[in-house]
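Respectively, the protein sequence lines represent chains A and B.
Taking numbering that gives the first Met the number 0, the leading residue of the first sequence gets 0, the next gets one more, and so forth.
Taking numbering that gives the first Met the number 0, the leading residue of the second sequence gets 0, the next gets one more, and so forth.
The reader is advised that the hints may include incorrect statements.
[To be verified] No more than 25 Å apart at the CA atoms, straight line, and that leaves these computed lysine to any residue pairs for SDA-like:
1) A/Lys55 <-> B/Arg66
2) A/Lys39 <-> B/Arg49
3) B/Lys67 <-> A/Arg51
4) A/Lys55 <-> B/Arg49
5) B/Lys532 <-> B/Leu823
6) A/Lys39 <-> B/Leu823
[Claimed, not checked] Chain B stretches covered by chain A per the calculated footprint, using a threshold of three residues with CB under 8 Å from any CB of chain A:
7) 18–30
8) 770–778
[To be verified] Residues on chain A that point at chain B, a partial pick, calculated with CB under 10 Å:
9) Val84
10) Gln88
11) Gln92
Rather than coming from a laboratory, the hints here were simulated on the basis of the structure.
Glycine is no exception: its CB is placed at the ideal position from the N, C-alpha and C atoms.
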Amino acid sequence: MKGTHIGEFEELVLLTVAILYDTAYGVAIKQEILQQTARKVTLSTVHAALHRLEKKGFLQSRLGEATQSRGGKRKKLFTLTSAGVAAIQRARQQRNRLWEAIPSVALDPS
Amino acid sequence: MHPNKHPLPPRRSTRFLRWFCKPDLLEEIEGDLQEEYDERLQRMSATRARWIYAWQVLSFFRPFALRKFPFPTFFSHIMFTHYLKIAFRNLRRQILPSSIKVIGLSLGLATCTLIFMYVGLEQSFDRFHEAPEDIYRLVFETTREDGSTNLSPRTPMEALPLMNGHVPQTNLKTSFNITDYPIQDSSGQVHLHHQIAQADSNFLSVFSFPLEEGRVDFSGENLRQLLLTRSLADKMFPHQNPIGQWVKVMGWRDTLHIPISGILADVPETAHFTFELLLLSKKPARLRQDFDWSGFSYSKFTYLRMPSGFSPQQTETDLKSFIQATGGDSSRYAYVLQPLLDIHLQSHMHGEIQPNGDLRTVYLFTGIAILILLIAIINYILTVLADFSRRVKEIGIRKVNGALAHSIISQFFTETLLYLLLALPLVGIWVYLAMPSFSELVERSIDWRILWTSDLMWLLPLSVALVLLLSGLYPALLLGRLRIVASMKGQLRKLNDGAWIRKVLLTVQFAITLALFIGLGVIFRQLNYLQHKDMGFDKNHKLVVNLGVLNKLSKPIRQEMRKSPLVRQASLTNWVPARSLGGYGTFTTEEGGSLIEVQFFDGDEAVMEAYGLSLLQGRSFEAGERVNTGPDASPQDPIIVNQTLLRTLNLPEELGQVLEYPALRGRVIGIMEDFHIRNLYEPIKPVSYQYRDDGTYLVMAYQPGQGGAVLDHFKESWTAMGGPSQPPYFFLDEYLDTVYDKEDRLMNMLIAFGLIAISLACLGVFGLASFAAARRTKEIGIRKVLGAGLSQLLLLLNKEYLMLMGVSALLAVPLAWYFLQDWLNTFAYHIELSWGECAVALLVLIGLVSITVSLRSWRTARQNPAQALRTE
C-alpha cells in the first residue's frame, strides 16, 4: 500500500517523537536529533517531515498552551498514532531480521 | 522580556513568511522560528541571528508550506483550450490583421536574434584559449614631453631578452610578429600572401592553438619548427602528407629552408590575430645584451600568461623597476598589462596586429535591436486595439456570463502567446534568409552555433518573454476593465480613456522611424561627399600593382610599361592613397612646443605626374638624382614639401629655404599643392616627398578606357621577364571606393533597419486607422449628409496622425542631431547638418503614413451615409 513506507529520516523523526513523548514539537525534535545522532538538520526539513508523516497517518497533533515566549505563538505537539507505533515496530523487526540473516563470518573484522 | 534586549526578528522576513505560508501551519512555524531566534540571540550577534532567521524563512519556501495561490485558476486547463479555440477562430476570420501581428512580431524578434548573434560573436573573441582571462598583452606607453601619452601594442624588441627574470610572477611569456613573406614549396611554386607568425617556443604554451598532427620538437640541434594550419597545408600539398615536406620561407634578409613539423587547426575566426604559418624559434633571433634606452625598434607583440589571482599592479611595478635597472627613464616609458579579452573590442592603438572590432558598433547594433523590438511590440498592441470594436461585444457577453477581469486578461495573454508561437517559426525563416547578407554587413561569418555557445543567448528568451508581457499587458488590462453595459451597447467612448497611451505609443514609433530616416539621409550625404571630394590627386585611370618589397624586377617592369603607348606614366612609389605611406616622423620646433607630424611619401621622379599632383613652384626630382633620405639626409639635400608643411612651420612659400629639424632636413626645391595623403578622417598634414627609386607599388596612369589592355600587357611582360606568380593589383578608383566601406555598411544597415521600422510602423498605423474608421462611421455619415467632401473627410482622418508626427519630430530631431553630429566629428572633412534631411525624412514619413491611413479610410469615407447612419 502506498504511503505506509517510511524513509530513513522519517523513521528518525518518528523515533524522536516517541522519545519526547508529549513534548515533541519542531524545535525540540530538531535538538533531540542533534543530541542523539549529531545530525544538523534545518527546521524546515523537520517540519516538512512532520507534515508528511501526519498526512500518512503516523502522527497526530494538537496545539499546546500559549506562552509568553515564542512571541505568544502556540506549540504544535505531536504524538504517535497506533499506525505510527506499528510503523516503527515494523521497521525495527525488519532490521532485526536482516541482522539475524547476516552470517557471522561477514562481520569478522579481519 | 525586554524589547531592547531581544530585538524582534527581521520584520520583512516574517511578513514574507506570513504571505506564502499555509495559514494552518503558520502559527507553529512562526513560533518555532521565534524560539530558535531568541535562543540564538544568547549565543551570537543580533545581526547574525537575523541573517540566520531570514535564511530559515527562505528554507520554508517549499511545497508543503506554500498556501494556495490564485494563479492556478487563472489558467485553468479547460478555459485555456477554450481561449485557444477562440483565438484560432479569430485568426482564421481576420487573416489580414492576424498576419500583420504575426509578421510584425517575427520581424522584430528576427532582427533581435541576428543582432544578438552578432553581439555574441563579438564578445566571444579570444575566448577559445584556455583560461583566456589569465592572458595579458604587454603594451608600451611613452609619455611625451608635453605630457601626452602614446600606447603601442609593440614593445621595444631589444629589451625583451633582458626581461627574463624581471617579471617574477610568470615565466610564460611569448613574443611574436606577423609578416607576409613569399613561401616556396619543394616543387618550386611560390605562394604569396600568407601570414607567417614568427614566435618563440613559448607561443603554444601561452595560446591554445591545437596541434592536429606532428609534433613540436626542440631537442638537440632543432632551433626552429615550422607549423602550417590545416587549410594552408591542404592547399599547398593536396593529397600528400605535408609533414616532413621542405619549404623555403623567403624572408627579408635571408631565405630559410625548413621542413614542416606539424599541422595546426585553423585559427578560429574569433581570434584577434590570424596566421597561416607558425615559425617557432628556440632563441630570439638576435641577442643584444648592450641594450640601452636611447634607441630601439618596435616590432614584436608580447603576451604573458599569468597565474590566476596574480596582481597586475605588482607586475607593472616589476616592469617599472626593470626599466630603471636597465637605465631607462621610467617617467617616459612604462609597460602596461592589457587583458586579452579587452583587445578585440576596446583596443584601437596605432599598429595593432590586425584591425579590431569596435565597441561602438556593438552598442549601436544593440540600440537598434532594442528600438526594433520596441516598434514590433507597439505594432502588436496597436493592431490588437484596431480590432477592438469587434471584440468589445464578445467581452461584454463573457462578462455577463460571469467572467472576471482576470479571466479576460488571461484570454488575451493566451492570444498573444498563440501569435508568438506562430511567429517563432517565421523568426527562424527570416534569420535563415537574412543571415548571408547580414554576415556580409558585419563582416563576420555568423552561424547558428553562436546561439547556444554565447553567454548572451539568455537575452533571446528574455526578449520573447518581454514581448509576451508587454504586448499582452496593455490590451489585456484595457479590455479586461471594460464596463459591461458600455461594451454591450457597442459604445466605445469609454475606450478613449486609454487613447493617450495609444498616442504615446504611436509617437514613439514615429520618432524611432524618423530618427532612422534622418540618420540614413545624413550618412548618405556624407558618404557621397567622401567619395566625390576633390582629393588633390587624380584617382581615375590608375592601375596599381603591389610588387613587394625590394623586388629585383621592379625597375625593368617600370621601364617596360613606360614604353607602352597605352601608359601615360609609370612610377614606383610607396604611397598609395588611403593605403600605404612611406612613413612619418615627429618633432618639435622648440623645447616644449607642440609636436609636429610630417608624413613622408617616397617615390621616383615620376610619381607626381603619375598621380596627377600639382607642383606650385620649383621643380620635381630628376631621374637618378642622388638624394639622401631619413637619418642620412643633410640640410643640402633637395626636398619637396606641401603648402601645409610650410604653413605649419610659419615659413613663406619660397623656394631654396633650408629646413633643419630632427626628422626633416633639406633644401626646398619644390612646393606641392595640398592633397589628401590618407583619408578624410584626418586633416591634411605636413607632407614631404622624398626621392626613392625602389618603391613597393608600381602605379600606372593609362589612357582612358585602356585599363584591361594595360593589365594584360603588364601580365604578359611580367611573365616574359620571368616573374614568379602574378602580383596582386587593383584599380585606384575601385580601391578608393572601398575605403569608406564602414560607412557604406552603416548606411546599408540603416536602410535595412529603417525599412523594417517603417513597415512595422505602417502596419501599426494601418491597424489603428481601421479602428478609427470603424469608430467614426456614424460621425462620417453625419458629416457627409451635411455636405463634407471626400478630401475633407480624409484630412479629418489624417489630422490626428499629422499631429502625432509633428510631436515625434520634436523628439526625434534633437536626438538624431546630437548623435549624428558626434558621428560626423569623427571625420576631419564632413558635411554640415541641415534641416533638409529632417524635412525630407518627415515628409517621407508623412507621405507613407497618410497613404496608409487614406487607403484604410477610403472605404469608410466613400460609403453611402444612409447606410452608415443606419448601423446601430
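For this session: Under 10 Å, Cβ to Cβ, is where glutamine 92 of chain A needs to be relative to chain B, so tell me if that hint holds or is violated.
Result: 30 Å, violated
For this session: Sort out whether leucine 823 of chain B lies within 25 Å of lysine 532 of chain B, counting only the CA atoms.
Result: 15 Å, holds
Exercise. Under a C-beta cut-off of less than 8 Å, do 3 or more residues of the region 18–30 of chain B approach chain A closely enough to confirm the stated coverage?
Worked result: Since 6 is at least three, the answer is holds.
Exercise. Given the proposed pairing of lysine 67 of chain B with arginine 51 of chain A, does the C-alpha separation stay at or below 25 Å?
Worked result: Roughly 17 Å separates the two Cα atoms, so the pair holds.
Exercise. Is it true that the CA of lysine 39 of chain A sits at most 25 Å from the CA of leucine 823 of chain B?
Worked result: 68 Å, violated
Exercise. If you look at each residue in the region 770–778 of chain B, do at least three have a Cβ nearer than 8 Å to any Cβ of chain A?
Worked result: violated (count 0)
Exercise. Holds or violated: are the alpha carbons of lysine 55 of chain A and arginine 49 of chain B at most 25 Å from each other?
Worked result: 34 Å, violated
Exercise. Under the criterion of a CB-CB separation shorter than 10 Å, is valine 84 of chain A in contact with chain B as hinted?
Worked result: Hint violated; valine 84 of chain A Cβ to chain B Cβ min 23 Å, cut 10 Å.
Exercise. Taking the closest Cβ pair, is glutamine 88 of chain A under 10 Å from chain B?
Worked result: 26 Å, violated
Exercise. Would the pair lysine 55 of chain A and arginine 66 of chain B pass a check requiring their Cα atoms to be no farther apart than 25 Å?
Worked result: Distance ~20 Å between lysine 55 of chain A and arginine 66 of chain B Cα, so the pair holds.
Problem set entry | Pairwise hint evaluation, arginine 49 of chain B against lysine 39 of chain A, where the allowed Cα distance is 25 Å at most | 19 Å, holds
In summary, the numbered hints that this structure violates are 4, 6, 8, 9, 10 and 11.
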